[in-house]
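Trainee: Note that the protein sequences, when read in sequence, are chains A and B. Under the UniProt record's numbering, the first residue of the first sequence is numbered 1, with each subsequent residue one higher. Under the UniProt record's numbering, the first residue of the second sequence is numbered 1, with each subsequent residue one higher.
Worth double-checking, as some hints may not be accurate.
Estimated spans, in silico, between C-beta atoms of each pair [as the list claims (entries may be wrong)]:
id: 1; chain 1: B; residue 1: F192; chain 2: A; residue 2: K149; range: 16 to 26 Å
id: 2; chain 1: A; residue 1: W245; chain 2: B; residue 2: A109; range: 30 to 40 Å
id: 3; chain 1: B; residue 1: L251; chain 2: A; residue 2: N147; range: 58 to 68 Å
id: 4; chain 1: B; residue 1: A109; chain 2: A; residue 2: K250; range: 49 to 59 Å
id: 5; chain 1: B; residue 1: I148; chain 2: A; residue 2: E193; range: 50 to 60 Å
id: 6; chain 1: B; residue 1: E101; chain 2: A; residue 2: I63; range: 48 to 58 Å
id: 7; chain 1: A; residue 1: K149; chain 2: B; residue 2: K249; range: 14 to 24 Å
id: 8; chain 1: B; residue 1: K146; chain 2: A; residue 2: E193; range: 20 to 30 Å
id: 9; chain 1: A; residue 1: K16; chain 2: B; residue 2: A109; range: 28 to 38 Å
id: 10; chain 1: A; residue 1: N147; chain 2: B; residue 2: E193; range: 39 to 49 Å
id: 11; chain 1: A; residue 1: N85; chain 2: B; residue 2: N147; range: 43 to 53 Å
id: 12; chain 1: B; residue 1: E101; chain 2: A; residue 2: S227; range: 49 to 59 Å
id: 13; chain 1: B; residue 1: P33; chain 2: A; residue 2: D166; range: 22 to 32 Å
A short list of chain A residues far from chain B (calculated; beta carbon distances all over 12 Å) [unchecked claim]:
id: 14; residue: K169
id: 15; residue: Y173
id: 16; residue: I175
id: 17; residue: K179
id: 18; residue: E180
id: 19; residue: R182
id: 20; residue: V183
id: 21; residue: E200
These aren't lab readings, by the way, just hints derived from the structure by calculation. What you are looking at is a predicted structure, and each value in this text was computed from that prediction instead of being measured. Glycine is no exception: its CB is placed at the ideal position from the N, C-alpha and C atoms.
One letter stands for each residue in the lines below.
There are 2 protein chains.
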Amino acid sequence: MLIKKAKSYGFCFGVKRAVEIAEDSKNAVTLGPLIHNPLEIKRLAQNYNVNYVDSIDKIDDNIKRVIVRTHGIPKKELEKLKNKNIEIIDATCPFVKKPQEIVEEMSKAGYDIVIFGDINHPEIKGVMSYSVHERVFVVLDVKELKNIKLKEHIATVAQTTRKINDYLKITDYLIQNYKEVRVFNTICNATFENQDAVRELAKEADIMIIIGGKNSSNTKQLYNIASEYCESYLIENENEINPEWFKNKKLCGISAGASTPEWLVEKIISKIKEVTWN
Amino acid sequence: MLIKKAKSYGFCFGVKRAVEIAEDSKNAVTLGPLIHNPLEIKRLAQNYNVNYVDSIDKIDDNIKRVIVRTHGIPKKELEKLKNKNIEIIDATCPFVKKPQEIVEEMSKAGYDIVIFGDINHPEIKGVMSYSVHERVFVVLDVKELKNIKLKEHIATVAQTTRKINDYLKITDYLIQNYKEVRVFNTICNATFENQDAVRELAKEADIMIIIGGKNSSNTKQLYNIASEYCESYLIENENEINPEWFKNKKLCGISAGASTPEWLVEKIISKIKEVTWN
Numbered sequence: 001m002l003i004k005k006a007k008s009y010g011f012c013f014g015v016k017r018a019v020e021i022a023e024d025s026k027n028a029v030t031l032g033p034l035i036h037n038p039l040e041i042k043r044l045a046q047n048y049n050v051n052y053v054d055s056i057d058k059i060d061d062n063i064k065r066v067i068v069r070t071h072g073i074p075k076k077e078l079e080k081l082k083n084k085n086i087e088i089i090d091a092t093c094p095f096v097k098k099p100q101e102i103v104e105e106m107s108k109a110g111y112d113i114v115i116f117g118d119i120n121h122p123e124i125k126g127v128m129s130y131s132v133h134e135r136v137f138v139v140l141d142v143k144e145l146k147n148i149k150l151k152e153h154i155a156t157v158a159q160t161t162r163k164i165n166d167y168l169k170i171t172d173y174l175i176q177n178y179k180e181v182r183v184f185n186t187i188c189n190a191t192f193e194n195q196d197a198v199r200e201l202a203k204e205a206d207i208m209i210i211i212g213g214k215n216s217s218n219t220k221q222l223y224n225i226a227s228e229y230c231e232s233y234l235i236e237n238e239n240e241i242n243p244e245w246f247k248n249k250k251l252c253g254i255s256a257g258a259s260t261p262e263w264l265v266e267k268i269i270s271k272i273k274e275v276t277w278n
Numbered sequence: 001m002l003i004k005k006a007k008s009y010g011f012c013f014g015v016k017r018a019v020e021i022a023e024d025s026k027n028a029v030t031l032g033p034l035i036h037n038p039l040e041i042k043r044l045a046q047n048y049n050v051n052y053v054d055s056i057d058k059i060d061d062n063i064k065r066v067i068v069r070t071h072g073i074p075k076k077e078l079e080k081l082k083n084k085n086i087e088i089i090d091a092t093c094p095f096v097k098k099p100q101e102i103v104e105e106m107s108k109a110g111y112d113i114v115i116f117g118d119i120n121h122p123e124i125k126g127v128m129s130y131s132v133h134e135r136v137f138v139v140l141d142v143k144e145l146k147n148i149k150l151k152e153h154i155a156t157v158a159q160t161t162r163k164i165n166d167y168l169k170i171t172d173y174l175i176q177n178y179k180e181v182r183v184f185n186t187i188c189n190a191t192f193e194n195q196d197a198v199r200e201l202a203k204e205a206d207i208m209i210i211i212g213g214k215n216s217s218n219t220k221q222l223y224n225i226a227s228e229y230c231e232s233y234l235i236e237n238e239n240e241i242n243p244e245w246f247k248n249k250k251l252c253g254i255s256a257g258a259s260t261p262e263w264l265v266e267k268i269i270s271k272i273k274e275v276t277w278n
């Protein structure tokens with residue numbers, strides 16, 4: 001049986017980079033889990049002694065290095081870390097760093113700031129903290145925006161994982177109602193690249209195996225797309241594989257959610273090869 | 001019979017202002033006709049000796065004052081005027097001056113410039129001339145934009161008379177494809193205010209009289225809107241009025257195209273009153 005991986009799958013650039021940083025930072029702690037995958041968290045703990053703490057207050061004197069994860073953290077928390085006698089390793093995704101810098105610069109230049117995103121998401125908590133003034137507004141839709149009276153000059157950024165069409169609804173409204181709107185497209189295409197790739201592969205495959213957490217929303221999305229085109233299964237580990245699935249199939253496509261490490265993908269491919277041997 | 005004028009009609013702010021400037025500038029010439037209305041051009045010539053010339057080269061030594069009309073003129077032509085021994089009276093509409101200033105400032109700051117408008121329109125010829133570099137692109141739709149490879153940072157303005165929804169198609173495309181888009185909404189609502197007002201009035205009127213040139217596109221647009229709601233007539237002068245139109249009508253609504261002077265509106269209202277008397 002032929003096995004083919006999607007052109008793009010699994011970790012995005014920022015997560016790959018953060019995991020490599022963690023592997024290079026033995027005995028560090030991360031502020032919050034580095035990634036939404038318990039197997040990977042366990043691997044980093046066992047092989048590199050990189051564990052995680054829930055908050056800065058839980059960093060005791062025995063800990064000498066702390067890793068800031070891809071989402072970034074609020075500016076004040078970074079300052080709090082700097083006041084500790086500790087090495088700070090910044091794994092903030094460069095695509096998240098960008099809106100942080102934009103918000104800082106634009107707020108200094110006197111612009112009202114509109115952030116399209118979820119105010120409860122760590123990334124957004126970090127990004128908004130970089131405004132030097134209080135006129136920073138986080139919205140999820142135009143309805144929320146209508147309740148806010150902004151000044152004539154506005155700068156806007158988006159949470160990296162949002163959909164561009166939803167952001168355009170926000171920018172259209174702003175352009176219609178204000179004199180100058182400085183739009184920074186800070187959306188990262190990684191999520192959508194995985195989706196496009198799974199669609200492309202599912203069209204030619206006879207069966208698709210999607211690897212990732214059963215309650216991971218981006219993994220479920222990949223599974224839903226694949227299901228439109230062929231028989232598809234969402235699995236978390238190799239033990240779930242049923243040899244029956246592959247009977248009379250020629251091409252098996254593989255994709256994985258954004259939190260699925262490469263080693264897990266390889267393990268599952270080996271298992272598929274094993275069960276379909278002969 | 002009751003006669004009611006639309007809440008907004010006729011000259012926009014910029015044209016009103018330009019006509020007042022012309023009335024205050026006896027013996028001047030305008031560069032191109034001040035307004036698309038031959039009756040008004042004639043009145044300014046007869047009462048104020050304000051005539052027009054087609055080009056700067058036709059300004060001879062006998063002429064001591066020149067009026068720049070609402071559309072503005074290219075920067076180089078303004079410089080050419082400054083080199084003549086002549087008083088320059090600038091009647092450029094402030095809403096046109098704004099995009100000129102923005103294009104100058106943004107090009108100096110290194111932005112690529114995208115102008116949404118008609119490259120053959122005098123307003124756009126003026127606006128684009130204010131760029132200090134050559135990377136200024138005038139487009140009418142997204143198709144044209146797709147043929148241009150822009151730099152990552154773009155500033156954009158629109159011709160003042162364009163529709164906002166068409167401009168949003170341009171800005172949506174730019175936002176999707178480039179890192180920073182600095183959108184200046186330079187569209188003037190005057191045209192649309194006249195349209196909204198004619199619609200509102202036509203709903204309650206029994207008959208609508210629209211005053212303006214029969215080949216003026218904005219006047220025809222007003223007539224089309226009025227016709228949707230009640231019996232409507234487009235006239236250029238008071239001689240076209242037919243008393244029969246007003247039989248059994250209670251409320252007559254009045255609107256006028258953007259180049260129709262107020263004195264003509266008043267003349268026509270007097271005539272309607274005259275023919276409907278008793």
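Trainee: Taking the hints in turn, state whether each one holds.
Mentor: Structure-based check of all given hints:
1. B/F192 / A/K149: 16 to 26 Å: holds, 23 Å
2. A/W245 / B/A109: 30 to 40 Å: Since A/W245 and B/A109 have Cβ atoms about 59 Å apart, the given range 30 to 40 Å is violated.
3. B/L251 / A/N147: 58 to 68 Å: violated, 39 Å
4. B/A109 / A/K250: 49 to 59 Å: holds, 58 Å
5. B/I148 / A/E193: 50 to 60 Å: The hinted range 50 to 60 Å is violated for B/I148 and A/E193, with Cβ atoms some 25 Å apart.
6. B/E101 / A/I63: 48 to 58 Å: The hinted range 48 to 58 Å holds for B/E101 and A/I63, with Cβ atoms some 56 Å apart.
7. A/K149 / B/K249: 14 to 24 Å: violated, 44 Å
8. B/K146 / A/E193: 20 to 30 Å: Taking Cβ atoms as reference, B/K146 and A/E193 lie about 22 Å apart, which means the hint holds.
9. A/K16 / B/A109: 28 to 38 Å: holds, 36 Å
10. A/N147 / B/E193: 39 to 49 Å: violated, 26 Å
11. A/N85 / B/N147: 43 to 53 Å: Given a distance of about 58 Å, which is not inside 43 to 53 Å, the answer is violated.
12. B/E101 / A/S227: 49 to 59 Å: Since B/E101 and A/S227 have Cβ atoms about 55 Å apart, the given range 49 to 59 Å holds.
13. B/P33 / A/D166: 22 to 32 Å: This hint is violated: roughly 47 Å between Cβ atoms.
14. K169: About 10 Å separates A/K169 from the closest Cβ of chain B, which leaves it inside 12 Å; violated.
15. Y173: Violated, since 10 Å does not exceed 12 Å.
16. I175: violated, 5 Å
17. K179: Given that some Cβ of chain B is not farther than 12 Å from that of A/K179, nearest at about 6 Å, it is violated.
18. E180: violated, 5 Å
19. R182: Its Cβ does come within 12 Å of chain B, the nearest being 5 Å, so this is violated.
20. V183: violated, 5 Å
21. E200: holds, 21 Å
Against the hints set out earlier in the document, violations occur for numbers 2, 3, 5, 7, 10, 11, 13, 14, 15, 16, 17, 18, 19, 20.
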